[in-house]
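Engineer: Starting from the known structure of chain V, arrange chain A on it as the hints suggest.
Residue numbers (the numbering used here), protein chains in the order written: chain V, 1 to 267; chain A, 268 to 539.
By construction, these hints were calculated from the structure, which means they are not laboratory data. Any given hint could be a false lead.
[What the hints assert, rightly or not] Derived DSS-like pairs: lysine-lysine, alpha-carbon spacing no greater than 25 Å straight-line:
hint: 1; chain 1: V; residue 1: Lys6; chain 2: V; residue 2: Lys155
hint: 2; chain 1: V; residue 1: Lys262; chain 2: A; residue 2: Lys431
hint: 3; chain 1: A; residue 1: Lys357; chain 2: V; residue 2: Lys3
hint: 4; chain 1: V; residue 1: Lys229; chain 2: A; residue 2: Lys483
hint: 5; chain 1: A; residue 1: Lys501; chain 2: V; residue 2: Lys123
hint: 6; chain 1: A; residue 1: Lys357; chain 2: V; residue 2: Lys2
hint: 7; chain 1: V; residue 1: Lys2; chain 2: A; residue 2: Lys431
hint: 8; chain 1: V; residue 1: Lys180; chain 2: V; residue 2: Lys123
hint: 9; chain 1: V; residue 1: Lys6; chain 2: A; residue 2: Lys453
hint: 10; chain 1: V; residue 1: Lys264; chain 2: A; residue 2: Lys483
hint: 11; chain 1: V; residue 1: Lys32; chain 2: A; residue 2: Lys483
hint: 12; chain 1: V; residue 1: Lys229; chain 2: A; residue 2: Lys501
The structure displayed is predicted, hence computed values, not measured ones.
The lines below spell out each chain.
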Amino acid sequence: MKKANKIITIAIFIFLYIPMLVLIVGSFNEGKSLARFDGFTFEQYAELFRDPDLLALLGNSLIISILASLIATVFGTFSCVGINSLKPRMRNTVMSLTNIPMTNPDIVTGISLSLLFVFVGTKMLGQRNSLTFWTLLIAHITFDLPYVILNVMPKLQQMDRSLVDAAMDLGCTPIESFFKVTIHEIMPGIVAGAIMAFTMSLDDFVISYFVTGMDFVTLPVEIYSYTKKPIPPKIYAMFTLLFLLILVLMITMNLLQLKSEKKKARG
Amino acid sequence: MKKNNSILLSTPYILWMVAFTLIPLGVVGYYALTDPDTGVFTWSNIRELGTYLPVFGQSIMYSLVSALICLILGYPVAYYIAHRGAVMQKILYMLVMLPMCMSFLLRTLAWVGLLQDTGIINNLLAAVGLPRLQLIRTPAAVVLGMVYNYLPYMILPLYSTIVKIDHRLIEAAEDLGCTPAETFRKVTLPLSMPGILSGLTMVFVPAVSTFYISQKLGGADTVLIGDVIERLYKQGNNANLGAALSLLLMILVFVCTGIMNRLGGDEEAVVV
Numbered sequence: 001m002k003k004a005n006k007i008i009t010i011a012i013f014i015f016l017y018i019p020m021l022v023l024i025v026g027s028f029n030e031g032k033s034l035a036r037f038d039g040f041t042f043e044q045y046a047e048l049f050r051d052p053d054l055l056a057l058l059g060n061s062l063i064i065s066i067l068a069s070l071i072a073t074v075f076g077t078f079s080c081v082g083i084n085s086l087k088p089r090m091r092n093t094v095m096s097l098t099n100i101p102m103t104n105p106d107i108v109t110g111i112s113l114s115l116l117f118v119f120v121g122t123k124m125l126g127q128r129n130s131l132t133f134w135t136l137l138i139a140h141i142t143f144d145l146p147y148v149i150l151n152v153m154p155k156l157q158q159m160d161r162s163l164v165d166a167a168m169d170l171g172c173t174p175i176e177s178f179f180k181v182t183i184h185e186i187m188p189g190i191v192a193g194a195i196m197a198f199t200m201s202l203d204d205f206v207i208s209y210f211v212t213g214m215d216f217v218t219l220p221v222e223i224y225s226y227t228k229k230p231i232p233p234k235i236y237a238m239f240t241l242l243f244l245l246i247l248v249l250m251i252t253m254n255l256l257q258l259k260s261e262k263k264k265a266r267g
Numbered sequence: 268m269k270k271n272n273s274i275l276l277s278t279p280y281i282l283w284m285v286a287f288t289l290i291p292l293g294v295v296g297y298y299a300l301t302d303p304d305t306g307v308f309t310w311s312n313i314r315e316l317g318t319y320l321p322v323f324g325q326s327i328m329y330s331l332v333s334a335l336i337c338l339i340l341g342y343p344v345a346y347y348i349a350h351r352g353a354v355m356q357k358i359l360y361m362l363v364m365l366p367m368c369m370s371f372l373l374r375t376l377a378w379v380g381l382l383q384d385t386g387i388i389n390n391l392l393a394a395v396g397l398p399r400l401q402l403i404r405t406p407a408a409v410v411l412g413m414v415y416n417y418l419p420y421m422i423l424p425l426y427s428t429i430v431k432i433d434h435r436l437i438e439a440a441e442d443l444g445c446t447p448a449e450t451f452r453k454v455t456l457p458l459s460m461p462g463i464l465s466g467l468t469m470v471f472v473p474a475v476s477t478f479y480i481s482q483k484l485g486g487a488d489t490v491l492i493g494d495v496i497e498r499l500y501k502q503g504n505n506a507n508l509g510a511a512l513s514l515l516l517m518i519l520v521f522v523c524t525g526i527m528n529r530l531g532g533d534e535e536a537v538v539v
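This is chain V alone, in the form it adopts within the complex (with noise of 0.2 Å):
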């Protein structure tokens, strides 16, 4: 019985890992095909260095995420103080409200934000073009959010109250004391949520097609778009210099959380 779970578990591994493998051999090939394998090479990074355009897609991307998860952390970490004084009633209320975008549907919320930036920019503003970074960013932001409620709420849950009313004692104001006590005690929280919004917005493609407009496009949404036409190979090379980025991105998470723990331990 043990020994068919661990087969079993390593042939998902394998399952789950192929088709990166496809992809990552895929970057090293001479060929156009990811179905045959002609003679390895560099020659797709070189390509992809060389092409300004696919690398201010990735940079647009970047741009997205980065901005979207970092106000999505600093916001969603001050609403969670505001959330979590809140009466039990109110509180439950408003997290039913963070978990709407959890369990709709991703199509569901591309199309839901797509009618309302139309609806309130062509036909209440008049604007002839209504999707635009910006509206791109409020999506993103908006779908990052719970991912940082989510993940900083526990552990504001579990933080010990007895230490920010000590740092009221020791008089500091509540801001201070937010910023001296409290922050540190739900980094691993906040860290954890800021990784996972950014990988979230990094690789959303479903709602960024919907929200996105003509003159702000990102990788993904560009990918999509390679349907008819065959995808370049330097694509690939992408594909393997971003799962080397999120391998680093969560080894780090780990290693924070791994620490986190065994301070705890200690402590």
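Structural biologist: Just chain A, lined up with the frame of chain V:
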């Protein structure tokens, strides 16, 4: 005084979420109930929904099958991870999460490379002298794409539930003479129920609304509701009908998650 101040911090958040989650859903309702050309109130979009019920049925079938396969495949994995040492658990958890963070479009395209008529699998078959198979553009390929993409959404909640199961309960069952199979059926499985239900929901919701997987891996007969909505909204310029379908999809998902939550709640009550 201090209490009031911190309550104020929640106000911008509430306003933001009302403005960008609740009001947009209202706008969807508005579009669903108006005529695309004149903007006058009409029931015609809602009446047209009947035509799409078979597509809805097909989407539900595909995503239910995928969710069940995910459960069957994911449970042993989650169980295995939950019974490793602390560091190994962290590493394996990360390895399950990592694919979720990588481009879902490109990973699906990699399956096209694997499954297509002149793809990797068929080339391997041909190399050893076997006949090539029709793998892509089949219902099985769509289910495979769903299982592949959403399996981590099943494993992670299952793992979180299984890892919390009190080991003493299992020992107690064994001491009282249960065979391993009985222990599993009578103790471990009922206690994993919350994870099973949330895993099923987390696979079902994105699967029932997907449009990329069916476009890339499916054929003409595997059109799903997501495809229809995407086409109406982005290409067909009938945002109003698209809005009506989104509304129906949303209600469907809320009903399903509601049922799951209800089942989960009852289950917990039984266990406690």
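Engineer: Going back to the hint list, which numbers does this structure go against?
Structural biologist: Result: hints 1, 8 and 10 break, sorted rising.
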